[in-house]
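Peer 1: Kindly generate the complete structure, drawing on both the sequences and the hints.
Residue strings, one per chain:
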Amino acid sequence: MVVLDEPIKGVVEVKNYIDGEWVESSSDEHRMAVNPATMKALAKVPLGSAEDVRAAVDAARDAFPMWRRTTPLTRSRYFFRLKELLEQHFESVSRVCTMEHGKTIDESRGEVRRGIENVEVAAGIPSLMMGYNLEDISTGIDEILIKQPMGVFACMAPFNFPFMVPLWFMPTAVATGNTYVIKPSPWTPLSMVKLMELVEEAGFPPGVINMVHGDVKPVQVILEHPDVKGVSFVGSTKIGRDVIYKEAASRGKRVQAQCGAKNFLVVMPDADVESTVPGLLSSFFGNTGQRCLAGANLVMVGDDRKFIDGVLSKIQKATQGIRIGYGLEEGVQMGPMQAVPRKNRVLGLIDKGVEEGAKLKLDGRKFDCGSYPRDCFLGPSIFNDVQPDMTIAKEEIFGPVMSVLHAQDLGEAIEMVNGSSYGNAASIFTGSGKAARRFQYEVECGNIGINIGTAAPMAFFPFSGMKDSFFGDLHGQGRDAVDFFTESKVVIQRWP
Amino acid sequence: MIRTTSQLISLHARLEEEAAEKLRGLAQRHPEAAEALNRLGDENMQHRDTVARVYREGVTDAFEVGYLSKPLEEGEYVIKDLKGPLNEAIETALLNDDAVIRFCHDASRDANQLIPSLSQTFQRLAKRKERRKALLESLV
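As you go down the protein sequences, you meet chains A and B in turn. Residue 38 is where the first sequence starts when you use this note's numbering, and the numbers rise one by one after that. Residue 6 is where the second sequence starts when you use this note's numbering, and the numbers rise one by one after that.
It is possible that part of the hints are untrue.
Stated by the list, open to error - To list a few chain A residues with every Cβ distance to chain B over 10 Å, as calculated: (1) LYS81; (2) ARG114; (3) ASP143; (4) GLU148; (5) ILE174; (6) GLY323; (7) GLN357; (8) GLY456; (9) GLY468.
Claimed, not checked - Computed spacing ranges between beta-carbons, pair by pair: (10) A:SER164 to B:LYS85: 50 to 56 Å; (11) A:ASP42 to B:GLU79: 32 to 38 Å; (12) B:GLU79 to A:ASP426: 47 to 53 Å; (13) B:ASP47 to A:VAL253: 54 to 60 Å; (14) B:ARG44 to A:ASP346: 53 to 59 Å; (15) B:ARG107 to A:LYS46: 35 to 41 Å; (16) B:GLY89 to A:SER408: 39 to 45 Å; (17) A:ARG68 to B:GLU79: 38 to 44 Å.
If you are wondering where the hints come from, they were derived from the structure by calculation, not from laboratory data. Backbone N, C-alpha and C fix where the C-beta goes; we use that ideal spot for every residue, glycine too.
Peer 2: Structure below.
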């Protein structure tokens with residue numbers, strides 16, 4: 038088995054990147070970021086301080102007047118340079134991502150590619166940022182809409198996509214003329230360190246893009262700081278709704294808080310089994326189930342036992358064959374959970390499922406991860422005969438657990454989907470256009486998959502989400518992002 | 006056992022590199038055919054780079070890219086040493102190309118549901134390798 042070279046040797050002392058300089062945090066508190074597959078320490082991460090955040094926001098605020106006057110075409114060229122550098126460093130960035138998160142190398146490369154796609158979209162900002170106008174709204178009077186940058190924006194990134202998620206926001210924010218502060222997850226800080234090294238190399242002016250490491254304290258300061266015009270967040274519903282949205286919105290800031298999920302994948306009796314099973318596997322167990330678009334509940338529709346048993350048996354067989362290990366081993370198909378507490382939480386929910394009477398058909402607690410320490414590893418689990426009111430059917434598990442539910446017909450399946458408090462994603466597998474259209478029309482979720490297991494919007498579409506999965510008005514990515522990061526100014530003019 | 010796209014790309018790179026190395030070694034031993042053999046070796050490396058680029062540009066976390074539905078056996082694709090006189094070595098080189106062509110067809114089938122652009126690239130390479138057989142045969 039080929040194990041790819043690790044680009045990080047030893048323990049990195051992580052620094053902040055403020056005003057174009059690498060500076061030490063003023064915080065005395067640190068935590069160690071570890072490689073969850075090997076449990077070796079990777080980075081010493083400062084937990085951050087109010088002074089760190091204030092310095093970063095000050096730098097961003099001071100850089101804003103010059104940056105907003107930099108032409109959109111010139112701003113876009115910085116992103117062309119960044120894109121080139123990201124292509125050159127594609128492999129090393131991907132491996133860093135695997136080392137700190139645990140995902141497989143294919144998954145990391147996929148994540149890095151999607152991050153780069155956001156940079157590519159931002160490079161098209163001269164077209165994307167155009168306003169619109171109308172002559173003669175009244176005789177001799179014209180009206181123009183201009184999109185203007187607003188100032189300093191910030192994002193608070195999650196551990197599960199340490200490279201991609203900040204790039205959902207930062208490129209569009211900066212390309213539209215704002216300045217930026219990124220706060221990476223303290224669990225997975227190194228992907229962003231790599232990015233900022235490339236930002237520096239691309240020659241972005243000091244203060245335009247800044248990075249502050251830390252945990253809770255910097256978040257609070259970002260939310261309270263009067264110079265921060267808006268924030269983007271990806272994480273749990275509890276934090277997103279009760280802290281980020283509440284605190285930021287009450288201070289008049291723009292907010293986009295992309296939160297938790299409980300995604301349903303509905304399989305109709307006319308689904309094409311051969312193409313459905315790989316889609317399901319990837320959705321439920323890709324990224325070790327640690328993504329907000331991961332499949333959580335599989336709903337088998339109808340009473341054709343032969344079809345249902347056939348699909349479930351194929352899923353079970355394929356799942357048992359998933360090779361678990363270190364993501365830098367090329368043949369590994371599923372990495373570890375990102376950290377011990379996350380694994381323990383999933384273990385608790387598996388226990389709960391058993392306790393509430395669901396049938397555990399495949400027990401992920403029993404698995405082989407070769408010679409690696411078992412601390413963070415967990416195999417895939419499959420529950421059958423799960424009832425909609427069971428905890429494992431309702432709560433976000435955020436791990437490699439599939440809960441199989443049964444519905445008599447599509448209507449009942451849609452009721453199950455819409456009965457969830459979340460509204461992030463849902464998919465249907467079917468050969469019927471009529472069923473697919475009904476699903477698309479009636480389901481209350483932001484991202485819909487039709488014969489697609491993971492309905493992940495591309496960079497030029499918004500990453501949607503509804504109900505408890507999103508708090509705010511405008512989503513990340515796509516045209517929503519351009520609107521989020523700009524103020525619309527209307528000019529009505531007459532020249533007598 | 007080849008189970009992931011990443012393994013598929015690495016194995017392809019290794020096959021192309023080994024095939025190129027053997028052709029270049031043969032070129033050193035046979036100056037009369039060196040130009041053509043070196044060109045073919047260079048082509049192998051171009052094919053390696055093309056596949057790597059298409060993979061890098063096509064890989065995404067948005068769709069299912071990680072799992073091969075039918076794992077491939079690495080041992081079924083072997084690049085042999087080009088021993089003996091030129092005509093014998095060319096015969097082996099043709100067998101080596103056959104091995105890579107077979108791999109390209111198998112990889113194309115598996116990559117189709119993962120990264121369609123990669124699947125098409127493997128098909129295209131298989132056709133190119135078929136076409137270059139005539140050049141190899143002309144060296145005997």
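Peer 1: Non-interface claim for GLN357 of chain A: all C-beta distances to chain B beyond 10 Å?
Peer 2: Since the minimum Cβ distance to chain B is about 13 Å, GLN357 of chain A lies beyond 10 Å and the statement holds.
Peer 1: So the hint says 47 to 53 Å: do the beta-carbon atoms of GLU79 of chain B and ASP426 of chain A match that?
Peer 2: Since the Cβ atoms of GLU79 of chain B and ASP426 of chain A sit about 48 Å apart, the hinted range of 47 to 53 Å holds.
Peer 1: Take a quick look at GLY468 of chain A and tell me if its Cβ sits farther than 10 Å from every Cβ on chain B, holds or violated.
Peer 2: Since the minimum Cβ distance to chain B is about 17 Å, GLY468 of chain A lies beyond 10 Å and the statement holds.
Peer 1: Go ahead and decide if the range 39 to 45 Å is satisfied by the Cβ distance of GLY89 of chain B to SER408 of chain A.
Peer 2: Holds: the Cβ-Cβ distance is about 44 Å, inside 39 to 45 Å.
Peer 1: Can we confirm that no CB of chain B comes within 10 Å of the CB of GLY456 of chain A?
Peer 2: holds, 27 Å
Peer 1: Would you check whether the claim that ASP143 of chain A is not at the interface survives, using Cβ distances to chain B and the 10 Å cut-off?
Peer 2: violated, 5 Å
Peer 1: Against the range 54 to 60 Å, how does the distance between the Cβ atoms of ASP47 of chain B and VAL253 of chain A compare: consistent or not?
Peer 2: holds, 56 Å
Peer 1: Just double-check ARG114 of chain A for me: nearest Cβ-Cβ distance to chain B has to come out over 10 Å.
Peer 2: Answer for ARG114 of chain A: holds, closest chain B Cβ roughly 21 Å.
Peer 1: Confirm or reject the statement that GLU148 of chain A sits farther than 10 Å, beta carbon to beta carbon, from all of chain B.
Peer 2: violated, 5 Å
Peer 1: Using the Cβ atoms, figure out if ARG107 of chain B sits within 35 to 41 Å of LYS46 of chain A.
Peer 2: Hint holds: Cβ distance 39 Å, inside 35 to 41 Å.
Peer 1: Are ARG68 of chain A and GLU79 of chain B spaced within 38 to 44 Å by their CB atoms?
Peer 2: Holds: the Cβ-Cβ distance is about 41 Å, inside 38 to 44 Å.
Peer 1: Is the hinted range of 32 to 38 Å satisfied by the C-beta distance from ASP42 of chain A to GLU79 of chain B?
Peer 2: About 20 Å separates the Cβ atoms of ASP42 of chain A and GLU79 of chain B, which means 32 to 38 Å is violated.
In this structure, the hints that do not hold are numbers 3, 4, 6, 11, in rising order.
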